[in-house]
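Given the coordinates of chain A, assemble chain B with the ligands onto it according to the supplied hints.
Taken in sequence, the protein lines are chains A and B.
Taken in order, the first sequence gives residues 1 to 205; the numbers are from my numbering.
Taken in order, the second sequence gives residues 1 to 450; the numbers are from my numbering.
Think of the hints as simulated: they come from the structure by calculation, not from any bench.
Listed below are the simulated DSSO-like cross-link pairs for lysine-lysine, each with C-alpha atoms no more than 27 Å apart in a straight line:
(1) B:Lys204 x A:Lys134
(2) A:Lys94 x B:Lys204
(3) A:Lys6 x B:Lys403
(4) A:Lys48 x B:Lys403
(5) B:Lys224 x A:Lys38
Residues per chain are reported as follows:
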Amino acid sequence: MSSRKKTLLKVIILGDSGVGKTSLMQQFVNGKFSQQYKATIGADFLMKELVLDDKTVTMQLWDTAGQERFQSLGVAFYRGADCCVLVYDVTNPKSFENVSLWRDEFLVQANVKNPENFPFVVIGNKIDVDESKKLVSLKKAQQFCANLGNLPLFQTSAKEAVNIDQAFDVIARNALQQEENDEFQDEFNDAININLESENQGCAC
Amino acid sequence: MGASFSHLGLSNDVVSSVVSLPSSNTGKKSSSKSKNLQRWTSSGLSTPRDSEHYTDLDDDWDSNVENCLTSVNSQPKFIENKPTFEYPLIRKISSGVKSSTDDGALALYAPHILQEEESHKELEEMNAKLSRYHRFKHLVEESTVDMDKLKKMAWNGIPSELRPISWQLLVGYLPTNSNRREAQLHRKRQEYLGLIEQEFTKEKDAQTWHQIEIDIPRTNPRIKLYGFKSTQRSLERILYLWAVRHPASGYVQGINDLATPFYQTFLSAYIKDETDVTQFDPSTLPKDSIDAIEADTFWCLTKLLEGIQDNYIHAQPGIIRQVNELKDLVRRIDTELSNHLDDENVEFIQFSFRWMNCLLMREISMESTIRMWDTYLSEPNGFSEFHVYVCAAYLVKWSDELKKMDFQAIMMFLQDPPTKNWTEKDVELLLSEAFIWQSLYKNATAHLRG
Ligand SMILES: Nc1nc2c(ncn2[C@@H]2O[C@H](COP(=O)(O)OP(=O)(O)OP(=O)(O)O)[C@@H](O)[C@H]2O)c(=O)[nH]1
Ligand SMILES: [Mg+2]
Chain A
1 MSSRKKTLLK VIILGDSGVG KTSLMQQFVN GKFSQQYKAT IGADFLMKEL
51 VLDDKTVTMQ LWDTAGQERF QSLGVAFYRG ADCCVLVYDV TNPKSFENVS
101 LWRDEFLVQA NVKNPENFPF VVIGNKIDVD ESKKLVSLKK AQQFCANLGN
151 LPLFQTSAKE AVNIDQAFDV IARNALQQEE NDEFQDEFND AININLESEN
201 QGCAC
Chain B
1 MGASFSHLGL SNDVVSSVVS LPSSNTGKKS SSKSKNLQRW TSSGLSTPRD
51 SEHYTDLDDD WDSNVENCLT SVNSQPKFIE NKPTFEYPLI RKISSGVKSS
101 TDDGALALYA PHILQEEESH KELEEMNAKL SRYHRFKHLV EESTVDMDKL
151 KKMAWNGIPS ELRPISWQLL VGYLPTNSNR REAQLHRKRQ EYLGLIEQEF
201 TKEKDAQTWH QIEIDIPRTN PRIKLYGFKS TQRSLERILY LWAVRHPASG
251 YVQGINDLAT PFYQTFLSAY IKDETDVTQF DPSTLPKDSI DAIEADTFWC
301 LTKLLEGIQD NYIHAQPGII RQVNELKDLV RRIDTELSNH LDDENVEFIQ
351 FSFRWMNCLL MREISMESTI RMWDTYLSEP NGFSEFHVYV CAAYLVKWSD
401 ELKKMDFQAI MMFLQDPPTK NWTEKDVELL LSEAFIWQSL YKNATAHLRG
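With the rest of the complex left out, here is chain B:
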């Protein structure tokens, strides 16, 4: 990593044990991914109902989660590297599209019958996961959710079954008080439909509409879900409505990408377990479900964009600021790399503009992005500030390689970094590295800016 921390009063051992984990251990083995498998009701109450696979990958963190809950937030989060695995953990005993009137009933679980070859250790790991899952579930089902606790737990990854409700809580869309949720959701969903009605019955802004129209087919074109008409029509409405309601920014390319993690996550709550959301045709859902998913996506996207408005207004000052911060940060973290980039006349804006504009979504997979957002949504300014530290961690990860390259090779490498197949473990390592850089440099950067 090339950075020395001794001047900060931190032993290099401590730091390197966290930031320099050998890459051979960082989850290369893990390829299987969980099918997002739990749903909650369309009325928005948390009712994890049934699950076939449970593959949260952070079993080792259980103890760390406890630490996290009791220790100050500035403690680096250690991530141990264990091979990833996927087991059918909880046998699904009911299925079907969730009815919108079905609220609150807790899921029924049946103990999974273990396959014989599964070892005792694996059993323990599964139990640890299951217990983490239950603690998480318990947390979001409190009559008043403790947001500090939720953030601390969610930082380390949200079980996919509980992600829809957790994200809606974290983003500030869903009230923490469960008594108020149903009314609030009802109101916001109605409001959305009203706004759509209002905007789509009058003449459209031609330029905005044209841009959205040509971008919809270019949104996640490799994921089947985004090729379905129903998905495309929903995204179109969401993006257009957001654009006309935010004239200072309007629709800017990249915002289409940002809508999709919400859309996909919220959709996953409505579909049968055995169906992979990325393959699912939403037109098979009842219209009121589609409307609800759309409305929730719209409002959550709106909340997210509120925090990064400067990124998309004229001249994109938010992005320019972040690119400059990234440059400063890399100069501190890895002076050699920073000098090398200077020597090769590589400008940060040339490769990191997109990192900011699309929040690294062009560099990593949708699954990785979704995992990353668990953390971003749990950080105080995840998308506007923490993201810069993530970008720094992302860049210095390739320091050794980049320092041997010339301008052309650097640009080609950063254009197509070998991170598209990153697993959850890789993302988690990146996030923990970013966390460390943030703890070390946040005040320094503020000082710089001031």
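For reference, chain A alone in the conformation it holds in the complex:
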């Protein structure tokens, strides 16, 4: 039903600071890894065009900041998301525990219509590290995702470009599905979105 229109998919990526969100995004969008990324402040915006089957879609990606202090910002970035990616670091159990907190936070702030059906994708990043450093087992993660309603799970390495395209393909497909489900509702919302005049005019005295 939206084949004639340019399809925009809005994706948001969440997770603790340092799990590798920026590195994942850069690997996906620009195909490179660098040690020189700075910590994300607020959120960074990225874009990527993808062809899914025979459909071209534009992904708008919001790479958010992981530090808790920035969470109150959420609304500005979460609204209208078609898919939410939850990232943890396989070397950091705390970041894994926080995945469900990030999910809850997203559902509250994004004001999602059907929370049960909203697409999340879980990513365990940094699988390139030594086995001895991996502190979150795949099994544990699989169980966790199963309990949350069979969320897709990927084990990735942003550093060595492992599983990135596979993960983002699923992210894009989930987002597309969500976008198509939501389209009618969105158009309805747009129609009633009245452009309010500013109340702060005329006092440049």
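Relative to chain A, chain B with the ligands alone:
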């Protein structure tokens, strides 16, 4: 710029002559930068000692500086655009790491032997700079520094050699009375060491430490200085100590960025002239020098953050306020742009949050930031209020481009604006534009808030 000032009783000519300088003249040519070259003693007394290059870029301002000193502060500061240049101006005659006991002796200068191709005009420019430098030096070497005068001069840029002492005076760390400085510095540096000792011998706050640990390698990763262990350990101590002493805020990402201009500037006072501070490994310095740099950085950062505490406490109300002020301001300055952003559903918080949280440090170079702070430190509320006007000037600079873009293009553009290679001239133009917006709109904004 799209704004009309006639309703304010200002002729558009006057305003546009200041705010709409053709961008082709705004210093694109200038790329060479001064190596920060003067040092002052670790005892904190101002002793510009030797200098190889002197490249303050504001030679034309000398007369304006005089105007500034006599006229009211609300006069816009005019910046003329002249090509930037860099000459070895003062031949260095002594070098070496400054000893911490060496205080007060004035630098010795030897007249520079001019290269033959240098024109008479250039000679004049150099002389103007040199004279400005000497007047500046004279000012900070007074037994009691006249802070009003210092602010007026520093607003237009501080010669890099005199920056460490000037910043410490401006931020309120160093007493204006030179007799009291040594004792004060001694006390504050001891106090810092005591606090470090106290905090680092007990168990650390794990969450704070973890966050600082992952941010240190991500702090200015492209500048070599910040890759050295010694730098990283110093920043780590400074940030952790600040965080535990300010529990309402704690460590918030971005504060790491804010520590670095101080660190780098204060470090520059301790190293040899021919060494570029951004390439320098601080571990080659004696421990008491490192301790002093660290302590000074810590206290100056603390002073700066006092003025913008609201930016980093829960829900970051200071930043939210500034973002709203920016939005209001842009609506007044450039209604078309403001409407266009609205039409494209671009929210100010989406692109300007970082501008506030990191004081535009992510958008411009370290050198530009340092120049900007000369002005911020000279403004009454530079970091909390004037900064918003700077952000407005920064945004409307791209008005023509932005108005042709859709949401996506706007976000991509503002994400990576073409300002990373800005020169001192570009920054100075931005600051003078901001100054004008502030003079025009400050009361209006206050009125709004009230
Ligand atoms: N070994 C390894 N290190 C990684 C990988 N991905 C990221 N890192 C490293 O982890 C650290 C944090 O990476 P970022 O991508 O900046 O993390 P982030 O989640 O964006 O962090 P915030 O912006 O603070 O929320 C950096 O030092 C990266 O180099 C990976 O796949 N493997
Ligand atoms: Mg990041």
